[in-house]
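> Hey, can you work out the whole structure from these sequences and the hints?
Residue strings, one per chain:
Number of protein chains: 2
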Amino acid sequence: MRRYPLIVAIDETSCDKALFSLASSISPIVSGFKVGIPTLISCGLGFLKELRSAANGAFLIADLKLADIGDVMVKTTSLVKDYVDAVIAHAFVGREGALDALVDSIRKWDLKLILVASMSHAGSLEFYDADLDRVLGLVRELAPWGVVAPATRPEVIKRVRIELDGVKIVSPGVGAQGARPGDAICAGADYEIIGRAILGSKDPLGAAVQAGEAASRCQAQRL
Amino acid sequence: MRRYPLIVAIDETSCDKALFSLASSISPIVSGFKVGIPTLISCGLGFLKELRSAANGAFLIADLKLADIGDVMVKTTSLVKDYVDAVIAHAFVGREGALDALVDSIRKWDLKLILVASMSHAGSLEFYDADLDRVLGLVRELAPWGVVAPATRPEVIKRVRIELDGVKIVSPGVGAQGARPGDAICAGADYEIIGRAILGSKDPLGAAVQAGEAASRCQAQRL
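These protein sequence lines map, in sequence, to chains P and S.
The first sequence begins at 5 in this note's numbering and counts up by one.
The second sequence begins at 5 in this note's numbering and counts up by one.
Take the hints with a grain of salt, since some may be wrong.
Since the list gives no way to pick one copy over another, a pair counts as held whenever it fits inside one copy or between any two copies.
With a cut-off of at most 25 Å between alpha-carbon atoms, the simulated SDA-like pairs for lysine to any residue come out as follows [claimed, not checked]:
1) K79 / L129
2) K112 / A126
3) K162 / A224
4) K21 / G48
5) K79 / R221
Treat the hints as calculated values from the structure; they're not laboratory data.
If you're wondering where the values come from, they're calculated on a predicted model, not measured in any experiment.
Written out as structure tokens, the structure reads:
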């Protein structure tokens, strides 16, 4: 069966084992899972290990939102490298002494790097979007597997799609933050990140199918 | 006895109990400890609890380098709020939907906020320092307890000192990253962050005294 272009965001802090059976039930139809810092601090690295077995081949992203000097970002990534396929880092920390070192380690470990190019909240306009030209210039130089661009501002996704050929676009902001399922894919994204709208639903599988179908319709329109 | 204006950075991932007796031995003469994300993910929240007992009244900072939407930053901070005095967040995520929510929770929890205004590596020039005017404008609006400004670029510390009255300046980059103990305090910082030069020394107490004396001489010159 074909997987929907959805990535399920996990930010739980209860470390409840029920999450793994839930993840297991939706994993055949979604593309991946993204695990946030709150979960990693609360539940530790064992959580990623268990999620890996529940994920049925869906990819795993450690959403570390790395934003430090190179040494610290490399050290943090080294902790999760055996359990995930990709990590997320901020473009804003710049290249020299930061992302250059991270990119080297990421290549060595055969991981995928996803760089934040713009965020889903309004405050992203204050710095990130104001610097979007230079941010996209840095992304072009570093050639990561993917970038984060917000479902809440499709015009940013469109611009990233035009300017960065071949880079995957991963879009948060769907559901609780206001974007509708499909909005980001229609604008040119490759994956939509959905958290609460699936994991908080009474029928998570049904919610995933519904969001996935909306996203797939947009994919079809773009072909 | 008077405490030196030093904050000891802990980024260990071995979770070795020996660290607590080391921390205990230097805690009477330093101002605080700063615990990074690698340690928090590896060792969990129990580490902060134990460090608190070893700290002899020195303050504790969770160096979360928060850089996310408001909800996630608040959730992450809620995990550490009972064990630390302060958390570090990035200014570049902006106010609306991000730092505004964090500031509200930080006040409610009676914690101190430290905002990154500039970083110690060269890549900080690419975005952070290029936006320094606007970053300092945001810091002025949000009125945090402190800001991070780099010991490696004293001219940035001087500017922050002139433009932000009453805000504490906390400076990383001393030791392994190239700045000498005292450089940041001489330029106007309130605390210097030192990690490996103390924790990696054969005589951590002696190393702390030596760095502390250099910093104190600068404090005396400024009075």
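> At most 25 Å between C-alpha atoms: does K112 with A126 qualify within a copy, between copies, both, or neither?
Between copies only: 23 Å across, 36 Å inside.
> Under a CA distance limit of 25 Å, which applies to K21 and G48: within one copy, between copies, both, or neither?
Both. Shortest intra-copy (13 Å) and inter-copy (18 Å) distances satisfy the 25 Å Cα cut-off.
> At most 25 Å between C-alpha atoms: does K79 with L129 qualify within a copy, between copies, both, or neither?
between (30 Å within a copy, 23 Å between copies)
> Cα distance capped at 25 Å. Does K79 pair with R221 within a copy, between copies, both, or neither?
neither (41 Å within a copy, 34 Å between copies)
> Have a look at K162 and A224 and pick one of within, between, both or neither, based on CA distance no larger than 25 Å.
Intra 17 Å, inter 56 Å, cutoff 25 Å: intra-copy only.
In summary, the one numbered hint that this structure violates is 5.
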